[in-house]
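A.B. asks: For this one, chain A is given, so just place chain B on it according to the hints.
Read top to bottom, the protein sequences are chains A and B. Position one of the first sequence corresponds to residue -9 (this note's numbering), numbered consecutively onward. Position one of the second sequence corresponds to residue 8 (this note's numbering), numbered consecutively onward.
In case anyone wonders, no lab produced these hints; they're calculated from the structure. Hints should not be assumed to be uniformly reliable.
As the list claims (entries may be wrong) - Taking beta-carbon pairs under 7 Å as the criterion, some of the chain B residues facing chain A (in silico):
| # | residue |
| --- | --- |
| 1 | GLN91 |
| 2 | ARG93 |
| 3 | GLN124 |
| 4 | TYR159 |
| 5 | HIS161 |
Note that the Cβ used here is the ideal one computed from N, Cα and C, for glycine as well.
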Amino acid sequence: MLTFIVRRSLWTVLVMFVITVLVFIIFFKTPGVDPARAIAGRNSSPQILAEIRAQFGLNRPLPIQYGLMMKRLFVSRDLVSYSNQGQLVVPEIFAAAPATLSLVIGAAIIWVVVSIAMGVAAAVLRGSLLDPLLMIIALIGVSTPVFWLGQMANLVSQGGLHNTVLFSWVPPLGYTPLTANPLRWFEGLVLPWITLSILYIGFYARVLRASLLEVQNEDYVRTARAKGLTERRVLMRHTLRNSMITFVSLFGLDFGALVGGGAILTEVVFGIHGVGFLTYQALTNLDLPTIMATVVYGAFFIVLANALVDVGYAWLDPRVRPT
Amino acid sequence: MSDALLEVRDLRVSFRTDDGLVRAVDGVSLRVEEGETLGIVGESGSGKSVTMMSVMRLITDPNAQFSGEILYKGRDLMKLNQSQIRSIRGSGIGMIFQDPMTSLNPVYKIGWQIAEQIRAHEQVSSAQARDRAVELLAAVGIPQPARRIDDYPHQFSGGMRQRVMIAMAISCNPDVLIADEPTTALDVTIQAQILKLIRKLKEDFGTAVVLITHDMGVVADMADRIAVMYAGKIIEQGTGRDLFYDPQHPYTWGLLGSIARLDRPRPRRLAAIPGLPPSLLRLPEGCAFSERCAHRFDLCSTQPELAARLGTAHLDACHLSPERKKELRVTTIHPELIAEAP
Chain A
-9 MLTFIVRRSL WTVLVMFVIT VLVFIIFFKT PGVDPARAIA GRNSSPQILA
41 EIRAQFGLNR PLPIQYGLMM KRLFVSRDLV SYSNQGQLVV PEIFAAAPAT
91 LSLVIGAAII WVVVSIAMGV AAAVLRGSLL DPLLMIIALI GVSTPVFWLG
141 QMANLVSQGG LHNTVLFSWV PPLGYTPLTA NPLRWFEGLV LPWITLSILY
191 IGFYARVLRA SLLEVQNEDY VRTARAKGLT ERRVLMRHTL RNSMITFVSL
241 FGLDFGALVG GGAILTEVVF GIHGVGFLTY QALTNLDLPT IMATVVYGAF
291 FIVLANALVD VGYAWLDPRV RPT
Chain B
8 MSDALLEVRD LRVSFRTDDG LVRAVDGVSL RVEEGETLGI VGESGSGKSV
58 TMMSVMRLIT DPNAQFSGEI LYKGRDLMKL NQSQIRSIRG SGIGMIFQDP
108 MTSLNPVYKI GWQIAEQIRA HEQVSSAQAR DRAVELLAAV GIPQPARRID
158 DYPHQFSGGM RQRVMIAMAI SCNPDVLIAD EPTTALDVTI QAQILKLIRK
208 LKEDFGTAVV LITHDMGVVA DMADRIAVMY AGKIIEQGTG RDLFYDPQHP
258 YTWGLLGSIA RLDRPRPRRL AAIPGLPPSL LRLPEGCAFS ERCAHRFDLC
308 STQPELAARL GTAHLDACHL SPERKKELRV TTIHPELIAE AP
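Isolated chain A (complex conformation) (with noise of 0.2 Å):
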């Protein structure tokens, strides 16, 4: 198992090394793109220009300009966005990166908990009316767009009904770091984090509702029934948990991708300023260092995902464990 983990990790920063080489190559060398403009951003000046070109070696070989980029990303952090006031990116995404982790974390464990019960439930009843009503909603959820049930959720928590007692809990939008007030972090968070997770949980209790119909018919399920156990046994422990090796390999890379800056839509329309927010605004100002640093930040977290999950299944099924 230990000779795995230290295979999957070899090949996880292989992998991140070739996800650098690439986004280096599609900013740095899109032909008929001057590299030194698109990082200076809009309307920079001839000395800005040159300065960058000096900076980043651009009259360099090619291995260098890469070496010299890396090397502000991951070493000495100094990138500094140009359109943004001189801003130090890589330390701007490392602030950004707790308010994510909060609204990301929460929605996980909200989708996992009611996807796992929706899930379950539509299978133990199926023949039931249950059943297809929870499906019909899981695929309302699934179909919902999140910009929709944000700005919706906004306009009643925040608008008419703000003042009832429903809805007087609702902060302003934005973010309040858990070390600052726990109180208001968890109060600010808990409509992104619904509205966040209602894809998720459509998605996953069809899925595993799908893969448990799917095991219960494994002759392993009929063998644990002849042994003389508990229904609810042969569901948890024998059919549940041969579901949960898809079900977490589904996770993990869904995960992955929302902690680096997949809730983009959620971040914006409820003011909360995450990775996601601010790759949407390093996009609307063409703030090429910026989207460079998210871009990778991103595809770190999902790299890492990946080698977890692949850990992760490892765990969960024997078969794949190496010997």
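C.D. replies: Below, chain B without anything else, positioned relative to chain A:
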């Protein structure tokens, strides 16, 4: 006669489908005495597995309908609630299945899976259950059981997995072991080992065995009594000697005639029963085998009862007179085979 360990009375199992009612089991009665081996023979879809799955109440299909009685030690299993039937599953009646490759849960160690069953029925510590699992693995002939107990199913071969399944099925000392085609998925040399193991366990523990198979060769040296099923019904039932040396039903003749024998001159072609079994959706009025039977006559359009037509415990469901059967069966089975009957 009510002292049978397990007795099935007029069991009927049907499944509602879009095309109509499928009568998978159509009035089957069986009895298994303590310590004996009953072989149930029949081709795919003849209802042999459904019968024994119904005994364990393992058919969860909501479209299934059941009637009849299943008496185990005098209790009707059909009338038991979930928790009562659970206490019999795995404890009073153990079951092993056709495909050992898929019958064990791939994510748990085999020792854990055996211990799980022991602990479901007995108040023992996990260490005790584990020790029992090691003993059981040794009893079914798994080398280095103390080490193999922590292996996962995928680390075993098919034959070894079937041994694990058998260890699990006998872990709570059941009175009856139901083996549903235990060797079908295994290659021939392994088949022989597994059958030998089942016979040995039966002798050591006095367990009654119900052996479901489509292989006459398997029941020949295993079963004390044999029931032949066709289209959801038992069409012939008797001791092994009855069935092999004095077969009464033309379907049984067909089964016996289609065995390739090594101790006989090789036939040019292996005999086969012409045609296919009838659809269980639209069973014929009379004898279900009549469409494929070379000896049918006008009486065959009425349902033959399974009855003692020879005045012994040998039952069959064919309208032909015993004398006619004796004359006719030589056309299907090699005459020498029957002549050799002592």
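A.B. asks: Now, for every hint given, state plainly whether the structure supports it.
C.D. replies: Consistency of the hints with the structure:
1. GLN91: violated, 11 Å
2. ARG93: Cβ of B/ARG93 sits 5 Å from chain A, so the hint holds.
3. GLN124: holds, 4 Å
4. TYR159: holds, 4 Å
5. HIS161: Result: holds, 5 Å to nearest chain A Cβ.
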